[in-house]
Structures are given as C-alpha cells and as structure tokens.
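A.B. asks: Given next are the chains, with one letter for each unit.
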Amino acid sequence: MGLPVLWLAAGAIDAALAGSNGLSATMLPTALRETALLMAWVGAITSVLGLVSAWLVTHYSFPLRRLFEWALILPLAVPTYLAAYTYVEFLDFTGPIQQAVRALTGAATLRDYWFPNIRTNTGAAIVLSLVLYPYVYVACRAFFLMQSASLNIAARTLGASGLRTFFSITLPLSRPAIVVGATLAMMEVVNDLGAVQYFGVNSLTAIIYSTWINRGNFGGAAQLAVTIVLIIGVLILAEQWARRNRVYLSSRDSRVPPVREALRGARAWGAFGFCALLLVAGFGIPFGQLTYSALRTLRPEAVALTISAGVPTIMLGCVGGLLTVAIGLFAARQSNGPGGPVPRGAIRLATLGYAIPGTVLALGLLQPLGLADLWINRATMAAFDWRPGLILSGSMIALCYVYAIRFLAVSHSTLDAAMRKRGRSMLDAGSVLGASRWRLLWRIDLPTLSPAILSAATLVFVEIVKELPATLLLRPLGIDTLATVVFARANVSLFAEAALPALAIVLIGLIPVVLATRPGIGRKV
Amino acid sequence: MKATLLASLLVGTTLFTAVPAFAQSGEVNIYSYREQALLQPLLDGFAEETGIRANVLYAGDGLLERLEAEGELSPADVVLTVDIGNLVGAEERGLTQPITTDALERVPAAFRDSDGAWTALSLRARVFYVSKDRVDAETLTYADLATEEWDGRICTRPGDHVYNIGLIAQRIAATGLEETREWLTAVRDNLAFAPTGNDRGQVKSILDGTCDLAIVNTYYMGAMLNNEAEPEQKDWANAARIVYPDAEGEGTQVNVAGGFIAAHAPNAANANALIEYLLSDEAQQIYADTNYEYPVVPSVSPAELTLSWGTLNASQIPLEEVAAHRAEAAQLVDELRFNEGPQD
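Line by line, the protein sequences give chains B and D. Each residue of the first sequence is one higher than the one before, counting from 8 in the working numbering. Each residue of the second sequence is one higher than the one before, counting from 14 in the working numbering.
Keep in mind the hints are simulated off the structure, nothing from the lab. Computed from a predicted structure; not experimentally measured. No residue lacks a Cβ here, since even glycine has one placed at the ideal position from N, Cα and C. One thing to keep in mind: the hints can contain errors.
[Stated by the list, open to error] Away from chain B, derived, C-beta distances all over 10 Å, residues of chain D:
| no. | residue |
| --- | --- |
| 1 | Glu81 |
| 2 | Gly84 |
| 3 | Gly102 |
| 4 | Leu117 |
| 5 | Glu317 |
[Unchecked claim] Which stretches of chain B does chain D cover? Using the computed rule of at least three CB atoms under 8 Å from a CB of chain D, they are:
| no. | stretch |
| --- | --- |
| 6 | 115-126 |
| 7 | 370-376 |
| 8 | 396-405 |
| 9 | 477-484 |
| 10 | 499-513 |
With the hints as extra help, turn the sequences into a complete structure.
C.D. replies: This is the structure in structure tokens:
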C-alpha cells in the first residue's frame, strides 16, 4: 500500500519543484469545493435515510417490516456508477417520467414545462445517497439491536412521546453508528469516478482522472492525489474516533431486548411508505430500469458482450478474492496470535487501503510496475538470456495487487471477527501438543474458519466485480470486465447496449445480500 | 455465440501470463483506441493483401500512459488513436519512431507530422448541430457563438475533453490567445447549462429543447442515424441538422484519428506496411463508409450520407501548429472555469 502513495508524493513534490503547479492553483479550489459539497450532502442524506429507516424497523412494527429489515440493504448491490446511469435514463427527457409528463400536459419539449436537471452536484448527491444509505442503515440497525432498550423504556414510562424519545435519546446515542456509516458512504463518494463524470461533477477524483488521462499531466494529478489522501486521512480519524465510542457502548451487558411498538393506522402506513419509497428509489428504480433496458436491447451482441466481459471478470474476482482472503487470513492470524513477524500497527495501516480511491492507486502504480518489469527483464536477460515480458504491468497481477490493497479490510475484518469469536483454546491445545504453525493452519484454522473464509471471499469477489476505476486503468490491454464495458458504453451514450452486463453486475452484487440475510445482517460494516 | 465463449475462455487462460511476446515476422501488434467494428474490416483487408496477421489489443483511456510505462518491453508496433493531442503527446513523450512508408505522401501536409512521427488516417470536423425547428441560419461562424443571439442556447461537452481542447487550440492558432479568451468567455456565458455528458448527449438536448446549438463531431450524425441497437437515437439526430462553421471563410476546424509506430516496435517493417495499407484507397473508403469520417486522402470520397450534410471546407492550419496551443487551451478552460457553466 505504501508504494503507490509514496510514488505519488514523490511525483507531487517533483512537479512542485519543477514549478508546474499552476494546475493545482486553478483547479484545486473548484475540486475541493465540489468534493466537499458532494460529501457533505451525501453524508447528511445517507445519515437521515439510514437512521430513520433503521429506527423504524427496530423500534416499531408495521406492514412488511420483516421484509424491509433485510431488503433495505439491497441498494448495496448497485454500484454508484450504475445508479448514475440508470437514474439519468429514468429521469431524462426520453425516460418514462418525462414521457408521462408530456403525455399528460401535451408539452413537446423541455421549454414547455419545468423538470429538475439531475446532472448537477445536488442531483449526484441525491442519487448517490439513495444507494449508499445502507451503510448507515446497517450500522444503526446493528447498534439499535445491541443497545439496551432500558433507556427508551424509561423515557417512554416518563411520558415522552416516540418522537421525543427519538430526538433526546436515540439520536444522541446513535451518533457513533451514524458517523461510521456515513464515513463509509462518503469514502465511496471519494472513490467514485463513473457517477461524477456522468453527472458532470468536477470532484477531485474526476479531475485527477482528466488531469492524468486527458492532459497527460502526471505531476499535477499526483498533487491532487496527495490532497485526496490527506482528506481521507481526516475522514479515517473521524471514523476511528466514532468507533472508540461504539466499543464502550457495546461492552455494557445490562441488556433489555428492544420492544417493538405496534404502529396503527396512518402512522403504520407512514412507516411503511417511508421504507417502501426508500427501497423503490434505492433498488427498484435502478434494477427496473436496467432490466427494462436489457430486455429492450436484448440482441445476440449484448449476450456475447456479457459473456466476453463476464469470463475475465469472474476469473479476476476468484483469483483476486482468494489472494485477498489469503492475505486477510495471514493478517488476522497475526493480530490474534501471540505476535508474529509483522507488527499489529502495520496490519492496521494495511487495512486502511480500502479508503484510497482506485484512480489514485492506479496513478501511483502504473509507473513503478513498469519499472519493476524493466528491472526483472534486465536481470533475466543478464542471467538466462531470456525476457519474460511485461509480467507485472501487462497481466492481471497488477490488478490483483490493487484489489488486495483496496479490499484487504473486507477480508481481514470478517476473518478477524470470526477468530475472536472462536477464541484461542484450540490453537493453544494444538501448540502444546507440538503442532507446527502450518499444521495448525491446516488442521484448525481452515476447518473452523471455513464459513468465515467463504463469506470473506464472497464479499471480496463482489467488490472486485463492481470495482471500476482501478480496473479501467490497470487491466491488461485488450481485456474488458463487466464494469469497464458498461463504463465505456455509457460514456458514448450507448448505455442501453451495456444494460445486460450492468444487470449482471447487480445480480452478482445481490449474492452477499442474500447470504447475509440468513445468519443475520451486519457483516458488511 | 459459441465462438465468443471459446474466445473468452482462451483470453481467460492467458490472463495471468504476460502479454504474449508475439514478435514473429508476418505479424503486427496493434494497440487500438478505435473500436472493433471499424478496425476489423480494415485488418481483414490488410491480411488479405499482405498476409500479415494483426494482433489487436483494444484499449480505452490511458493508452499512452500504458505505453509509456511499458517502455522498451512494449509489444506494440502500431498505435491507433484519436485526437491530435494524443498523437502529438506520443511524439513529445518519445513514444514514436518515424514512419518511413512513401504512402505518407498521400496525406496533405497539414494532417501529418513533418518528421513522420505520426499521421492522420481520417478526419472529423467539429461542427454545429442546430435545431431544425428553432434555428433558421444557413451559415454560421465560430465567432457567432460569442454573440448575444446565442445567449442560453449553446451546449457542449466539458471544455477539457480532447475534442474541445482541439477546437479551442485551433481558435488560438487562428485568432490569437487574447481574442480566444474573450471568445471562450462569451461562449461560456452563452451556454444553456454547465457542460456535461458526451457529444451524442448534446444532440439529445436539442431534441428535448434545452439547447439550440450543440458543438459536436460530424460522424456522430451518421452513427446515430444508423443506430439499430438504440433506434431512439435516430430521433435525436433527426431533431438536428449540421451547419459547417466558417465554411466560407477560413474553414471548419478538423481533428483527426490517426496512428503512429511505437518507438520500441518489434516489427517496424510490418508496422509501416500497415500504415501504408491504412492510407490506401480501399482502406480510406472503409473509414468513410463504416464510420462516416472524412478520408484523409483527398482523392477518396466521403460516404454519401456524409456528403448529404454539406461540404467540408477544412481549415488549412497545420495540426502541428494547432497542437502547439493545446496547453494554452487547457489553461484557458481552467482559468475561465468553463466547466462550471455561465457566470454572467
């Protein structure tokens, strides 16, 4: 993880010394403002949506509550760029809503009626929030289920209304959970490339991309990238501060299970309506629009495209997933063991890679990987008179490296949690009986952790399938994944042609959601 | 379908090996930014004529960055890309070697590098798509965009996209930096909305009534009119007609799709043979008919559909000269905060 960041820092300083920082001066204020605005909006909207929906499904019972309880995480299956593409299709002039408006009013063009333009910063914030609120929802719901109901009961006994209880007890107490969820949502915003480009938002990531790719200005892009890494650092500090509080809260054991108040009449339908709207907006519309577009453009070419991009996608997901889980397992054994060769601080640092945008990683890796290839080839040429070619930058090794950096946190946290739950007694027994480290791994860790390994691998697999920016920039030339195919088509207004591959991404994204609903939700965060 | 499946499985098995070091004679390796639908017929023709087999890696954004990182290990012989910025950028980064084929002479001097580092293979004009219903003008100039008449009526993709950088750089070459600054400021303030989306999207804005004049490349008209996968794009195209700006004066700005031979090409001779073929009458006709671009070889005629939009009188300012102003153009876009839309 250090390599790309250090390379970028060097590139940024190099560019500053060369005096070519005119770019940062002109573009940085805009980029910072637009990014901050987008993050603030997404943070605020996801917090409200996630908190209210989690509060409703844990504190009240109303029609279809049990369905909503798991279905409300479905939007996680929709990557941000797909949310952008589908919402633009849906709300655009040629989409169903505006068609209906014109049919009802007899209007012919947008000059005859007013319709909000979704391709703005605000539009982007709303659409992104609709698929990112589950981060807050999952965190808050888990928190509410863990939290003792005694405070709420006390408040209600003292005559406080449900709303008053919400504002004076629930809201202040759940602040850490909200911060955790909203931080994750905002990191997705920083990482996003496809959606901001599509909405025309000049966010930092979008500008890094265009500075590097459209203008061939590596130094300028590196300067912006260093800025973004600093911003993320602040976010992480905020998030860890919040987590510290959460540990404190969850450690109390005077637990009274939450009692759900049955809502009736208008209030029941209000709660139902809120959850239903959220679900439709976050999942129903993107999924429906995709299905519609996919069916409308269902031609042999679309199927061929999905297969030719799907095969490498799945292979990448499997290999990258296995690699990331293997590293995660190693790291989790380190942090749960008596102390190994790698200090725990280093592992914590390594898991922060999830916060670095894919665009930034690609920017920081392309050149060093090329150089490494060169050195390897010179060495093999000298030693064996043979050149292996571009074994790092020309193959999927580069991508797997990035995936391991970005998604180590996912595999590590899943395995770490499972190891804590299992405890050390079996391992200690094994050690006492003289088993080697490898034997312990083979005979104890792998069998006892297999469910956790499987779910970690699934989660990483799905993240890889959805990943866009790094895959776009580092994939072996000539290889397309589902995500890059969709991106390329959408960028030339041919999104409908890529609706089938896009639908495949969402369906794959649903796998962990479906799996998670069985043992209970909350693994993702 | 079966073939695709097989092909992708084959691709799959090579995923973790290095880019195959295909350096045998009788082959040529292409890195292409251009899509398969256009390239395949050209490569079929090339194989038939020369017996040389082409291996293509289709790539997207960031092609030059990749080539640069690969350095001397790159298997690429020929790189096919679009936009003068990419061609000149490749030369500046030392990614090219001189093209030696005599066929280069077929290309007018304005559309190739004077040292043979790159050549255009086809031309596209950056023109005005105007609303059939709301615009009457038959002739327009780039300068007209800055006038009061177009206030709130213009749309274009973001200013820092290579196509717009090319246009702005050409304005600088034609009228000077200061005049272009004033012009671009006025155009920015005449925009109907902050620049977003791509060229086709702008034409859609003509259909939906939010924009009367879109700055778009010519060939999209053909691509939309013939889009069978998404037939509604025919409606977008039918809402607009093309006006060639400055057709009667200094000429319309043209950009290029072109190619160069990679500095470390393992098969330089075959690479030259490929460039020679791409400049032949046969190949130029494929460019014209498949993609509705203008052939760069003057003796080859554009497609009938292309001709129906009007006559192209291309600006004769050498592209090398235009490219020299690209950095200034990008600077202007930033400085005027063009992408944030009207500021008056």
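A.B. asks: Against this structure, judge whether each hint is valid.
C.D. replies: Taking the hints in turn, this is what the structure says about them:
Against the 10 Å criterion, Glu81 of chain D falls within the reach of chain B, whose nearest CB is about 8 Å from its own CB. The claim that Gly84 of chain D lies off the interface is violated: its Cβ sits roughly 6 Å from the closest Cβ of chain B, which falls inside the 10 Å cut-off. Interface exclusion of Gly102 of chain D from chain B breaks down, the closest Cβ pair being 5 Å apart, not more than 10 Å. Interface exclusion of Leu117 of chain D from chain B stands, the closest Cβ pair being 25 Å apart, more than 10 Å.
Distance to chain B confirms Glu317 of chain D as a non-interface residue, since its nearest Cβ pair spans about 24 Å, more than 10 Å. With 7 residues having a beta carbon nearer than 8 Å to a beta carbon of chain D, the stretch 115-126 of chain B meets the requirement of three or more and the stated coverage holds. Only residues whose C-beta sits within less than 8 Å of a C-beta in chain D count toward coverage, and the stretch 370-376 of chain B has 3 of them, enough to reach three; the restraint holds. Counting residues of the stretch 396-405 of chain B whose beta-carbon sits less than 8 Å from any beta-carbon of chain D gives 8, enough to reach three: the coverage restraint holds.
Check result for the stretch 477-484 of chain B against chain D: holds, 4 residues qualifying (beta carbon to beta carbon below 8 Å, three or more required). Only when three residues or more bring their CB closer than 8 Å to a CB of chain D does the claim for the stretch 499-513 of chain B stand; here the count is 5, and the claim holds.
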